[in-house]
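Novice: Letter by letter, the chains look like this.
Number of protein chains: 6
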Amino acid sequence: MSKLSPIEYVDAPPKVRAVFDDIKRVRGVPDVNNFWKYLAHDPATLQRTWESVKEVMEDGALSPLMKEMIYVAVSVTNGCGYCIASHSASARKAGMTEAMFGELMAVVGMANETNRLANGYRVPIDAAFDQ
Amino acid sequence: MSKLSPIEYVDAPPKVRAVFDDIKRVRGVPDVNNFWKYLAHDPATLQRTWESVKEVMEDGALSPLMKEMIYVAVSVTNGCGYCIASHSASARKAGMTEAMFGELMAVVGMANETNRLANGYRVPIDAAFDQ
Amino acid sequence: MSKLSPIEYVDAPPKVRAVFDDIKRVRGVPDVNNFWKYLAHDPATLQRTWESVKEVMEDGALSPLMKEMIYVAVSVTNGCGYCIASHSASARKAGMTEAMFGELMAVVGMANETNRLANGYRVPIDAAFDQ
Amino acid sequence: MSKLSPIEYVDAPPKVRAVFDDIKRVRGVPDVNNFWKYLAHDPATLQRTWESVKEVMEDGALSPLMKEMIYVAVSVTNGCGYCIASHSASARKAGMTEAMFGELMAVVGMANETNRLANGYRVPIDAAFDQ
Amino acid sequence: MSKLSPIEYVDAPPKVRAVFDDIKRVRGVPDVNNFWKYLAHDPATLQRTWESVKEVMEDGALSPLMKEMIYVAVSVTNGCGYCIASHSASARKAGMTEAMFGELMAVVGMANETNRLANGYRVPIDAAFDQ
Amino acid sequence: MSKLSPIEYVDAPPKVRAVFDDIKRVRGVPDVNNFWKYLAHDPATLQRTWESVKEVMEDGALSPLMKEMIYVAVSVTNGCGYCIASHSASARKAGMTEAMFGELMAVVGMANETNRLANGYRVPIDAAFDQ
Numbered sequence: 015m016s017k018l019s020p021i022e023y024v025d026a027p028p029k030v031r032a033v034f035d036d037i038k039r040v041r042g043v044p045d046v047n048n049f050w051k052y053l054a055h056d057p058a059t060l061q062r063t064w065e066s067v068k069e070v071m072e073d074g075a076l077s078p079l080m081k082e083m084i085y086v087a088v089s090v091t092n093g094c095g096y097c098i099a100s101h102s103a104s105a106r107k108a109g110m111t112e113a114m115f116g117e118l119m120a121v122v123g124m125a126n127e128t129n130r131l132a133n134g135y136r137v138p139i140d141a142a143f144d145q
Numbered sequence: 015m016s017k018l019s020p021i022e023y024v025d026a027p028p029k030v031r032a033v034f035d036d037i038k039r040v041r042g043v044p045d046v047n048n049f050w051k052y053l054a055h056d057p058a059t060l061q062r063t064w065e066s067v068k069e070v071m072e073d074g075a076l077s078p079l080m081k082e083m084i085y086v087a088v089s090v091t092n093g094c095g096y097c098i099a100s101h102s103a104s105a106r107k108a109g110m111t112e113a114m115f116g117e118l119m120a121v122v123g124m125a126n127e128t129n130r131l132a133n134g135y136r137v138p139i140d141a142a143f144d145q
Numbered sequence: 015m016s017k018l019s020p021i022e023y024v025d026a027p028p029k030v031r032a033v034f035d036d037i038k039r040v041r042g043v044p045d046v047n048n049f050w051k052y053l054a055h056d057p058a059t060l061q062r063t064w065e066s067v068k069e070v071m072e073d074g075a076l077s078p079l080m081k082e083m084i085y086v087a088v089s090v091t092n093g094c095g096y097c098i099a100s101h102s103a104s105a106r107k108a109g110m111t112e113a114m115f116g117e118l119m120a121v122v123g124m125a126n127e128t129n130r131l132a133n134g135y136r137v138p139i140d141a142a143f144d145q
Numbered sequence: 015m016s017k018l019s020p021i022e023y024v025d026a027p028p029k030v031r032a033v034f035d036d037i038k039r040v041r042g043v044p045d046v047n048n049f050w051k052y053l054a055h056d057p058a059t060l061q062r063t064w065e066s067v068k069e070v071m072e073d074g075a076l077s078p079l080m081k082e083m084i085y086v087a088v089s090v091t092n093g094c095g096y097c098i099a100s101h102s103a104s105a106r107k108a109g110m111t112e113a114m115f116g117e118l119m120a121v122v123g124m125a126n127e128t129n130r131l132a133n134g135y136r137v138p139i140d141a142a143f144d145q
Numbered sequence: 015m016s017k018l019s020p021i022e023y024v025d026a027p028p029k030v031r032a033v034f035d036d037i038k039r040v041r042g043v044p045d046v047n048n049f050w051k052y053l054a055h056d057p058a059t060l061q062r063t064w065e066s067v068k069e070v071m072e073d074g075a076l077s078p079l080m081k082e083m084i085y086v087a088v089s090v091t092n093g094c095g096y097c098i099a100s101h102s103a104s105a106r107k108a109g110m111t112e113a114m115f116g117e118l119m120a121v122v123g124m125a126n127e128t129n130r131l132a133n134g135y136r137v138p139i140d141a142a143f144d145q
Numbered sequence: 015m016s017k018l019s020p021i022e023y024v025d026a027p028p029k030v031r032a033v034f035d036d037i038k039r040v041r042g043v044p045d046v047n048n049f050w051k052y053l054a055h056d057p058a059t060l061q062r063t064w065e066s067v068k069e070v071m072e073d074g075a076l077s078p079l080m081k082e083m084i085y086v087a088v089s090v091t092n093g094c095g096y097c098i099a100s101h102s103a104s105a106r107k108a109g110m111t112e113a114m115f116g117e118l119m120a121v122v123g124m125a126n127e128t129n130r131l132a133n134g135y136r137v138p139i140d141a142a143f144d145q
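Chains as they are written, first to last, in the working numbering: chain A, 15 to 145; chain B, 15 to 145; chain C, 15 to 145; chain D, 15 to 145; chain E, 15 to 145; chain F, 15 to 145.
So here's chain A without its partners, still in its complex pose (with noise of 0.2 angstroms):
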């Protein structure tokens, strides 16, 4: 066996089926995504997910549109196609128009170019940022 399958709620445990029952609570929707159904094999690290991911994503200082632009803009980075997907869906969900993804995309392509020109050409640090 090399591949994992996702857990339903059908065949989890009482302890996957409260961390499933209040993520559809909290987002109210019917069932939980993929992501969660796989974390179930470790019903430890889902639950501690889970509660983390709630408690960052929250509304605050920032918007949750704000967050899950930032999610988006992790993830792209990284190149992690599941989380682009996800985190796309929930990004248009809380707000984000095409114009704003067309912008994120924009800065986030720039902000890995000249990242790799900032490293290339070892600019140091002005004295400036260092205060």
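Derived from the structure by calculation, the hints contain no laboratory data. Please note that the accuracy of each hint is not assured.
Same chains, same names: a pair is fine if it fits in one copy or spans any two.
[As the list claims (entries may be wrong)] Simulated crosslink set (BS3-like; lysine-lysine; CA at most 30 angstroms straight-line): (1) K38 with K17; (2) K38 with K107; (3) K17 with K29.
On a predicted model such as this, the values are computed, not experimentally measured, just so you know.
Take the given structure of chain A and dock chains B, C, D, E and F to it, following the hints.
Specialist: Chains B, C, D, E and F in isolation, oriented as in the chain A frame:
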């Protein structure tokens, strides 16, 4: 010679001075930061990069503040020390509070974690995300 | 032609067959996996890579199981789909249980998160770590 | 202000002191390292991160030593200077010998090399790894 | 809607058609590849990216072939499946032989390995490289 | 002890001296650079890495100059400070001019940008690239 030196305004050729002048004008700063002084070794890349950054970072569907925070998110994910220092400063200048910075880091950290969980568990993309 | 095809044993030149034979002998498998069938397009790299992998992955101060789990940790961090699939299988063959896989993923996820928190907060290395 | 300063115990608010005290208690150290003193700027992230690290790194199906070496493998792959320094120290404290460190680096290097060979040769996943 | 569709020439607005026409003219191809048909969702980014790529990839101190191979090296290191496929095709079209591809992959693999060995052993930069 | 020290020739065991001697002979240098002095802590990895680097970097279908520039492209993409410094020096020694360095950085930057645009727009591989 294996390490470049920054090119200061007084030593810069006209084409480079023109870009430096535009950066200072647009940003309202007395001098450009090291990134531009090193890129000046390649005037074509200096000009193209500045024109692109100027177009990408201007106010639009996303605010300059949001764009600077996305820039920080990418730079932190890539581990570009210069870019983290310079764009954290730009984000603060654009209005990022400590509370916003804290939440930005929390989301960036969480996204980098769940990106790997999705990779490692080989989670297939939900049909709903492919429509 | 932009995509290569795997080179099967029957179609392989003597130098490639010799490497395939050694891989099958050392691993006790009836055939080599795709990675080697593609590397076979460059016999020199096929041989050098196999000799290196054989030397690096053999039992030593670290067990083959520990080494396969480290391989998975790196592959998950880099998001290499092929490597995650092949080395997860090798790790399981070497004795990795589901509980071990779960903890491996938990550590890899946490490390990727705190790596970015350390980057973003620009944490200086403690003197104690530089002695 | 573009660079943060570490928050020392004497200057820390109660919530932060409580986390610092728990870190010192669990690790049996007289003071926490810089990572925690910087995270202290965001008490919620400090507490969540410490609780998660404590849960993830405790002895389980994998030993603390194995977990610290996996942490090093990820940090080296990401090039996080602070994390490489701190977790190499933790791994040595947990029993990593020079021979083990040498083999760890050899596996991490090899995995990073073959990850790219698999990417570049566009190797399809063997059916056996998808079952 | 969470997944975009390619924008074909017949459905494209004038500004997008103008870019598509220039790509087809410069590359002497009957149609543009998917990358451009997706970027077309953001005409400003489509135009800016094409103008930049056209300027950067033209014959200069480095030949188009060398530039395409460097593009492949970066794409393989980042694990961008689309970019590996498209730029490997472009490199072959520009004259990359199988022997050149094999050596390119060998260098990319080796560089990714030694990058991590240098990180892990925390190797300080030689004075000679800082002059 | 958490930080290693370089191993100088006078303090090196015979097996390490033999590798150092070969590096000095092949490169025509009076001493080896720090990378090798740190790898010397693991003679087996030192020897295997040097033998591989020597084989991979020798003149072939690609010139030593082209190979050093590819090495820089990978190191800049990964942000390996030591590797950027050492291989930029090697590339210059092999004949890389400032104009070539500028174009190399421009291509590396552009590739890192478009890699992320391709990821973010979830661009499917054109059929033509899969034949």
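Novice: Indicate, hint by hint, whether the structure satisfies it.
Specialist: Evaluation of the provided hints:
Taking the closest pair of Cα atoms, K38 and K17 come within 30 angstroms of each other both inside a single copy (26 angstroms) and across two copies (23 angstroms). In this assembly of identical chains, the alpha carbons of K38 and K107 lie at most 30 angstroms apart only when taken from the same copy (15 angstroms versus 36 angstroms across copies). For a Cα distance limit of 30 angstroms, the shortest separation of K17 from K29 inside one copy, 23 angstroms, qualifies, whereas the shortest one across copies, 34 angstroms, does not.
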